[in-house]
Amino acid sequence: AQSVTQLDSQVPVFEEAPVELRCNYSSSVSVYLFWYVQYPNQGLQLLLKYLSGSTLVKGINGFEAEFNKSQTSFHLRKPSVHISDTAEYFCAVSEQSGYSTLTFGKGTMLLVSP
Amino acid sequence: EAGVAQSPRYKIIEKRQSVAFWCNPISGHATLYWYQQILGQGPKLLIQFQNNGVVDDSQLPKDRFSAERLKGVDSTLKIQPAKLEDSAVYLCASSLDLTGNTIYFGEGSWLTVV
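Chains A and B supply the protein sequences, listed in that same order. Sequential numbering of the first sequence, starting at 9, is according to my numbering. Sequential numbering of the second sequence, starting at 134, is according to my numbering.
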């Protein structure tokens, strides 16, 4: 079975500063990796995903993430954040098997202040 | 393209009452998921359907929760009787197939049990 650890429950940052949200996973097989964003009172929106190929994945709203197999990590980065990026961010994993479901981390709240 | 539709968006009930949530997935999506998201946690899978058959319901509390997808399109999730700890957001999601490599979420149904 797979699992996801998001080490930081909250990350405060000033507007226009860079940010990294950390995600580590555990699985005995190859995986797909995802980052979702959840704005207040809304559902989950897919930011980006790693399925195969290049380990650097670019997503929407200027976010990117890098898959590191040796460190079993998939950290999310943005070089310059905006106030509107304030939201909860979830890392998720699914196994590359016949059928699979998403397993989520507990989430990281990104708090951007002016 | 229309997204995953859920209703009602918000529901407040007393403990021991019953409640039902409805989900209409994206057109053509064979796989439908129900997730439970308790405040401060990541979503947890309750049940997964492929067309009108259940693929995984191992984490569904079957003594009080039930779900169906009779015609392989819409789905209903029911809770009876509700407990205080059932207060959560119930997220419906869908994907084209079972691989789980692209899953789309609805806005969620917010349940408060008092």
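Incorrect hints may have been included.
[Said to hold, decoys possible] Okay, derived cross-link-like pairs now, PhoX-like style, lysine-lysine, Cα gap no bigger than 25 angstroms in a straight line:
1. B/K177 <-> A/K57
2. B/K148 <-> B/K204
3. A/K114 <-> B/K177
4. B/K211 <-> B/K177
5. A/K66 <-> A/K77
6. B/K216 <-> B/K204
7. B/K195 <-> B/K216
8. B/K148 <-> B/K211
9. B/K216 <-> A/K114
Because the hints were derived from the structure by calculation, they are not lab data.
A quick look at each hint next to the structure:
Proximity of B/K177 to A/K57 is assessed by CA-CA distance (about 19 angstroms); at most 25 angstroms being required, the pair is judged to hold. Using a Cα cut-off of 25 angstroms, the hinted pair B/K148 and B/K204 is violated, with the two alpha carbons roughly 31 angstroms apart. A hinted pair counts as satisfied when its Cα atoms are at most 25 angstroms apart, and A/K114 with B/K177 qualifies at roughly 10 angstroms. Annotation: proposed proximity of B/K211 to B/K177 holds, straight-line Cα distance about 16 angstroms (limit 25 angstroms).
Pair hint A/K66 plus A/K77 holds up; C-alpha atoms about 17 angstroms apart against a cutoff of 25 angstroms. Among the hinted pairs, B/K216 with B/K204 is inconsistent with the structure: their alpha-carbon atoms are about 29 angstroms apart, more than 25 angstroms. For the proposed pair B/K195 and B/K216, the alpha carbon gap of about 13 angstroms is at most 25 angstroms, so the pair holds. The hinted pair formed by B/K148 and B/K211 meets the criterion: a straight-line CA distance of about 14 angstroms does not exceed 25 angstroms.
Among the hinted pairs, B/K216 with A/K114 is consistent with the structure: their alpha-carbon atoms are about 23 angstroms apart, no more than 25 angstroms.
Taken one by one, the earlier hints fail for this structure at numbers 2, 6, listed in ascending order.
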